[in-house]
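*Asks:* Chain by chain, the residues run as shown.
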Amino acid sequence: MSDRGPEVLPLGHDGLVVRFALHLSEAANDAVLGFAEAARVANVPGLLEVVPALASVYLRYDPARGEAFGKDVSDLLETDDWYSRGRPPAKRCWEIPCSFEAADAPELGAVARATSQTPDAAIAEVLATEVRVLAIGFAPGQPYLGLLPPAWDQPRRRELTEVPAGALVTALRQLVLFANPSPTGWKQIGRTAFRPFQGDRDDPVALRTGDAVRFIRVDGATLAGIEERDHSGLGGAKLVERS
Amino acid sequence: MTLYLDTVGPQVSVQDGGRPGCMALGISRGGTADRQALIEAAALLGLRELPAAVEMAGLGGAFRTDTPCRIALTGASMTATIDDTPAAWNATHLLLPGQSLRIGGARAGVYGYLTPAGGIETPKILGSRSAHPGLGDRLVAGDILPVGADGGLRQPSRTLTTDGRFGGGEVRVLPGPQTALFPPEIRRAILGATFVVGPRTNRQATELRAGARPWSEHRIEVVSDVIIPGDIQITGDGTPFVLLAECQTIGGYPRIGTVHPSDLPRIAQAPVGSQIRFVEVEHGSVKVPDDATAIAAALRGVRALVRDPAEIGDLLSYQLVGGVTAGDELDD
Chain A
1 MSDRGPEVLP LGHDGLVVRF ALHLSEAAND AVLGFAEAAR VANVPGLLEV
51 VPALASVYLR YDPARGEAFG KDVSDLLETD DWYSRGRPPA KRCWEIPCSF
101 EAADAPELGA VARATSQTPD AAIAEVLATE VRVLAIGFAP GQPYLGLLPP
151 AWDQPRRREL TEVPAGALVT ALRQLVLFAN PSPTGWKQIG RTAFRPFQGD
201 RDDPVALRTG DAVRFIRVDG ATLAGIEERD HSGLGGAKLV ERS
Chain B
1 MTLYLDTVGP QVSVQDGGRP GCMALGISRG GTADRQALIE AAALLGLREL
51 PAAVEMAGLG GAFRTDTPCR IALTGASMTA TIDDTPAAWN ATHLLLPGQS
101 LRIGGARAGV YGYLTPAGGI ETPKILGSRS AHPGLGDRLV AGDILPVGAD
151 GGLRQPSRTL TTDGRFGGGE VRVLPGPQTA LFPPEIRRAI LGATFVVGPR
201 TNRQATELRA GARPWSEHRI EVVSDVIIPG DIQITGDGTP FVLLAECQTI
251 GGYPRIGTVH PSDLPRIAQA PVGSQIRFVE VEHGSVKVPD DATAIAAALR
301 GVRALVRDPA EIGDLLSYQL VGGVTAGDEL DD
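From first to last, the protein sequence lines stand for chains A and B.
Using full-length UniProt numbering, the first residue of the first sequence is number 1, and each one after it goes up by one.
Using full-length UniProt numbering, the first residue of the second sequence is number 1, and each one after it goes up by one.
Hint data in this document are derived by calculation from the structure and do not stem from the laboratory.
All C-beta atoms, glycine included, are put in the ideal place defined by N, C-alpha and C.
Treat the hints loosely; a few may be bogus.
[As the list claims (entries may be wrong)] Covered, in the sense of this in silico footprint (three residues per stretch, anywhere, with C-beta under 8 Å from a C-beta of chain B), are these stretches of chain A:
1) 9-22
2) 53-60
3) 128-140
[Stated by the list, open to error] Short derived list, chain B residues pointing at chain A, Cβ under 8 Å:
4) THR67
5) PRO68
6) ILE228
7) GLN248
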């Protein structure tokens, strides 16, 4: 891997980016999750906000601390080899019902061909993979999930298509669960009744970076039943706490 | 107390200082597109903290109140009248029950602000009243806004002089995490160009167009990363977009730098067709004041509002020439 890192770089007048890689890898994302947690726990003086992205961590701070903040962050960075710590274990796991029926998975066939397997085998691979919330962003609460096996390293499409809220889409070894109807270059392979963000919920944002997610296959009628009964926006998902 | 919105333009919403601290949930700070206009409203009304305001993009609306209250009009200068008497912009006014405040189109700039002195008392979501995608809607005709009591009704009307940030111009750019990924000649070409604000401009970002984009074939592939307001994204065909308050939190386009936060209001207020140029500055070269310091600085420019007879549209009603003519000879 030719990526360099970690680097501590300014972003705006009150932020630093700790960049572990220029391109996504499991080691870089492991480093992100580990360092973001360490930064929260260490509570460096002046720290206002910790935002894990796919391969970097953004730290917003009180600019009155000036360069001393950057020094503290560099010191914390040197306390460990963040790339080789492995993935911190998930504290909780979401099991989210998902329909893969034709109407809910318009690009499943194309994705299966691109990953050299049958649609059923592609579905089985998604169901068998416990993905993690790599980052939350783009829209309120919307997760980037990953990583899928290497064959799923497929590009986004250049032209955009409209996907519904709850759409499960894939590209770049990742899954995204769309919070709102949206045009996207990602390819829809399933649909859930899960709403990552719902303003009137006690906790409007359901997922947190680092959470584990598994998809549970249901048929279209079952999903329709969940949509009819469930108004929490959690789409019949089960949350399993892990100690 | 209630503010009635009898008519409103198509892009009118409640905005305040936004919701810092929610980026890990995918929610950017948001808030007013022009933060300086909120600081000026606070200074005019004698407030110590940033208030909530009605933000109006391009076009205002017609407003009434059920209780006397002071209002501040700041940001992009818009035509305004209270019961057909022109009301000065960048000033406070007393609005009485039964009067109609009419705010028309912007004369310069993009975003105008109507700020009631007692505050807008809509419920806060995640610490803020700002409308944001997924968190509150635009205002529509017929909406009513709960407003707090104004403890300063006896205060005389005030005005202030602004910095003239409403027609584009020069903005400072800080280097960002990806600046060094651009080859020096590409960086010089982009940051040295003169841009014109394009039509794909909204609360999320300002589009910057250039006659020629000699850098447009250059590709920088990086993983999606955290983005903040002020970041200058270079999109696929080489068109820069400067991110504004309502930007997303993670983005995949490479970013050449970040507009200095004190100059971001100039970008937000630059109308389509106005020119923007960049000036590179180093980190630490210019301090960014916190809100209290910025309000105190704006307060130094506040003075009593003296009505200029040239701005008074209904001079005849003042009886300045009473007894000489009936005042309506020219009307027929």
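*Asks:* Each hint should be assessed against the structure and marked as holding or not.
*Replies:* Cross-check of the supplied hints:
Closer than 8 Å: that is the beta-carbon criterion, and the region 9-22 of chain A has 11 residues meeting it against chain B, so the requirement of 3 holds. Coverage of the region 53-60 of chain A by chain B holds in this model, with 6 residues showing a Cβ closer than 8 Å to a Cβ of that chain against a need of three. Residues of the region 128-140 of chain A with a Cβ under 8 Å from some Cβ of chain B number 6, which satisfies the need for three, so the listed coverage holds. A hinted interface residue such as THR67(B) counts as satisfied when its beta carbon comes closer than 8 Å to some beta carbon of chain A; here the least separation is about 30 Å, so the hint is violated.
Look at PRO68(B): its Cβ only gets to about 34 Å from chain A, farther than 8 Å, so that hint breaks. Look at ILE228(B): its Cβ gets to within about 5 Å of chain A, closer than 8 Å, so that hint holds up. Nearest Cβ of chain A to the Cβ of GLN248(B): about 5 Å, under the 8 Å cut. The hint holds.
Hint violations for this structure: numbers 4, 5, all remaining hints satisfied.
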